[in-house]
Structures are given as structure tokens and as C-alpha cells.
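The task is simple: from the sequences and hints, build the whole structure.
Chains as they are written, first to last, in our numbering: chain C, 1 to 113; chain V, 1 to 114.
Treat the hints with care, as some may be off.
[Stated by the list, open to error] Computed Cβ-Cβ distance ranges for the label pairs, DEER-style: (1) V:Q45 x C:G28: 16 to 26 angstroms; (2) V:R109 x C:L113: 22 to 32 angstroms; (3) V:D9 x C:N79: 28 to 38 angstroms.
Hints listed in this document are in silico derivations from the structure and should not be mistaken for laboratory results.
Beta carbons: idealized from backbone N, C-alpha and C, even for Gly.
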Amino acid sequence: DAGVTQSPTHLIKTRGQQVTLRCSPKSGHDTVSWYQQALGQGPQFIFQYYEEEERQRGNFPDRFSGHQFPNYSSELNVNALLLGDSALYLCASSLVTSQETQYFGPGTRLLVL
Amino acid sequence: AQSVAQPEDQVNVAEGNPLTVKCTYSVSGNPYLFWYVQYPNRGLQFLLKYITGDNLVKGSYGFEAEFNKSQTSFHLKKPSALVSDSALYFCAVRDRGRDDKIIFGKGTRLHILP
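This is how it looks when you write it as C-alpha cells:
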């Protein structure tokens, strides 16, 4: 049973560029949440997707957008990258009917130069 | 608004001694509470959760946590620390009466000294 997978593991971009991060949820899960973890901080909630729609959103600008596909996998897109977007981006999956436990992927480390 | 506080940035414990990592929370309704552990360059691993019922929750790797409603605390404990327990620990809360967002604390780095 595969857990949550994310790709790529590492990414280097320059300011102003755009980036797409990918996540495949744990088998059987239908909900995907994205978090940003800056260095030395706890994860900050970006948004959550279920049934291919954004259910909730944290305090992140519109430069952060996402998508969920029919197979429940998800993408996180960030436009007009800023230096401050450098962080570990974590994907977590869960069942909408049992959301108390989220299972996290290993993350994508994004460095913006 | 919901929030989580982990008052200690770092906790040092000698191997074999009991350990406690503190967490307090604030929600408007009843909480779901979680502990996660993060090893270097890794994602978060689920340790344990409190949903309802017994205030003492047992989790993975011999960890446990006690829910104290009057003190709004959910401290993580282990009777005998191992060097391999050294990692970054995050407490998290979800307000079950409101939305599905899970709010994390800033984390506590646990150092187990051999």
C-alpha cells in the first residue's frame, strides 16, 4: 500500500518564475491538503481539495493555486515566485469522512533564488 | 481563531529518563488534537491523536499524550527516552465544530543525550 508521494523532491527556481508541485494521495484517500513549512516553522495550511474543488483556503495569496484530478492526485502551482516562497511544501491526504488523521508525504523542497 | 502553542523550542533529556513535550491549544469548540514527528529532510509522521473518550492516548513508538480540557493542554510523554527519539515534534489542533483546517504549532526539537 503506497503512502503519499510527492514530486519532485527538490526544485530550484528564480524569482518571477512559476512552479508546479505534484502529489499522489495514499491509496483509498480522496482529500488532499497542501502545507508550506518555512525553515524553523510549523506547517502552514495553504488549501484543501476534495472532489476536484477547493474546499478551504488558508492565508495565502492568489499566486498559490491548485488542482485535483479525477484520480485524487493534486497539483500545487505557485506563480510569480518570491524569495519568501522558499520552503518545504508538504502534501497530506485523508478521507473526507474521516478527516481527523492526515498522512503526509515527504515534501518538495523549493529554493527560490 | 484556533491556535497551538509549544512553549519550548528545545527539550534536552538524558537517555532512559522520562520526557515531556508541552502543548497548549485554543479553539472555540471541541478539539481534535494530534502529535506528529519530523526527522531531518523528511515529511511529518503521525504519532497519536485525541478525538474523544479516554484522556490518555497511546501512540506509536511508546509515546502517549494526556488531554487536559481544563488546562487546554495536550502534552506528549514517554516513560523512557531513546536516542532515536531525537527529532522535531509538532502539536496540531482542529476545531471539530468549525472547519477542516489543522493548525500546527511551531515545533519542539527534542534532543536525547546518550
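Now the hints, each set against the structure:
With their beta carbons about 19 angstroms apart, Q45 (chain V) and G28 (chain C) fall inside the hinted range of 16 to 26 angstroms. Distance hint check: the CB atoms of R109 (chain V) and L113 (chain C) are about 28 angstroms apart, consistent with the given range 22 to 32 angstroms. Distance hint check for D9 (chain V) and N79 (chain C): the Cβ-Cβ separation is about 34 angstroms, which falls inside the suggested range of 28 to 38 angstroms.
Checked against the numbered hints listed earlier, the structure breaks none of them; every hint is satisfied.
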